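Asks: Go by the hints and put chain B onto chain A.
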Amino acid sequence: MRWMHGDIPLGRDATGRFLHWIVGLMVYLAALALAGTLATERMTQAWHLELADNLTVQIPAPAEAALRGVRLEKALGVLTDTPGVRGARVIDDDEMARLLEPWLGPGGLALGLPIPDLISVALKPRAAVDVEALRQRLGADVPGAFVDDHREWLESIERFARVVNIVAVLIVALVSLAAIAAVVFVTRTGLAIHRRIIDLLHLVGAQDDYIARQFQAQALRLALLGGMAGMACALVTILAVTMAPRHIDQGFFPTLSLGAPQWLVLAMLPLAAASIAMLTARVTVFRALARVL
Amino acid sequence: MAESRTAQSPSSVVVFDDVTVRYGAGPKVLRNVSFTLGPGSFHFLVGASGAGKSTLLSLMYLAMAPAGGRVRIFDRDLSTLARRELPPLRRRIGVVFQDFRLLEHLSAMDNVALPLRVAGAPEVEVRQHVGELLSWVGLADQLHALPATLSGGQQQRVAIARAIIARPRLLLADEPTGNVDDTIAMRLMFLFQELNKMGTTVVIATHSDALVNRFNHRQLRIVEGSLRVIAREDDGIAGAA
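Chains as they are written, first to last, in numbering that gives the first Met the number 0: chain A, 0 to 292; chain B, 0 to 240.
Just chain A, with the same shape it has in the complex (with noise of 0.2 Å):
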């Protein structure tokens, strides 16, 4: 590996010496972007799984506090008798006052608010429930009643989940574009700076692809050195977002966090930003010199 050395004195040229830096922010801005996506994508996922299968309907509160139960055994009985229902419950006050607390306080239910009651329903996995025709049936006998399917909700969530990627996929690619052209202008530097040397390489018999290895060496190890230094200051950028909410109540924060596929994936970031100056070094290289004789 004696040509990582190089008969070229790439590593003394001063614009070389900004190359890691450049690609270290480059990949340090990359990572936080596609942390970002990967994050809402795993969540959306979360949520997907967690509500695909669950419908809640809303027993708004009636007039009579008489009919509260009748309504909801009613409510209960038409939910059973559906197809593709695994089961249904009312949720109770304790849970129904957890769940409000974030809003309310410790003891909100106490306040006397007209509070609807909630019923989960649970699906059987992968079933076509008609929603619309259990709005009906439900409309008929509990009046006021509000099957909530959460497709609206997930529907935002999916649109806001898209918007996000887009957003990423269009930080990484401007990224990428900007590293490229960092490579490319220092590639050119350094052809010009050791014209020379590399004109007395070719008068010895040197191939394009001798002197292209030199400098594709030196983009390749400033990239992978600033790729590393962005990724580590990138993690920990990403876990400070992950922890932070965690001191907050949870309710106000969806949890975004990362599997070992998402954290494998940014992992690769230093490696791709390594290959990607690497190759472009090599293109530029041959790109000049393919105009000398």
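Among these hints, one or two may not hold up.
[Said to hold, decoys possible] What follows is a list of derived Cβ distance ranges for each label pair: (1) B:Val222 with A:Arg16: 48 to 54 Å; (2) B:Gln127 with A:Leu292: 32 to 38 Å; (3) B:Ala64 with A:Ala271: 38 to 44 Å.
In case anyone wonders, no lab produced these hints; they're calculated from the structure. Bear in mind that the values here come from a model prediction, so they are computed numbers and not experimental data. Just so you know, even glycine gets a beta-carbon here, dropped at the ideal spot from N, CA and C.
Replies: Chain B alone, transformed into the frame defined by chain A:
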């Protein structure tokens, strides 16, 4: 296929046919130059300073293309060669530049090793051959010295060692004895003659009449851009301008 044939037994090493060179829109530096150098021949290239000796050498070591005419090296017409076909030809040509062109950041050993390394020779072989050659030119104790720490004569010997390390079939030397004393100059000339005896075609550009007169070789004399061949003995030249 043609290359493999010429690599074994080129019928001519260098052929210039009506070659003209001019830089930009300036006057012609070389005009209608024609000559042929056969394998194993030895020539002095002479002419006044600025006559075009270095330009003629540049054409032969494939650093430039002529404005007109044809140049053939090892039976290959340069005008028909692709870029990727030039390095194999250049590896068969050794050049001693007037300004040495040593790489300042490399040791004497690494400078001399360049032609072998670009040709992909194994590192063990490179170190062995380079060490032997540098010892032979009297630089055994300067293997790891940087060019800046060497005298002019030592640098010249490193440049010569680099030119011959790969056993070129054509050796071009631009004023190779210009910076050394007479003893070293004679030793270098004997080295070139030894290489020539082993089949290397040698062209030495010089403005030293003493050197030309001392050794009995043909001369390629450039006068006002035109080339004239001055024959001494039959050492392989087949044609003249």
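Asks: Work down the list of hints and note, for each, if the structure agrees.
Replies: Structure-based check of all given hints:
{"no.": "1", "hint": "B:Val222 with A:Arg16: 48 to 54 Å", "verdict": "holds (52 Å)"}
{"no.": "2", "hint": "B:Gln127 with A:Leu292: 32 to 38 Å", "verdict": "holds (33 Å)"}
{"no.": "3", "hint": "B:Ala64 with A:Ala271: 38 to 44 Å", "verdict": "holds (42 Å)"}
Violation of the numbered hints given earlier is absent; every hint is satisfied by the structure.
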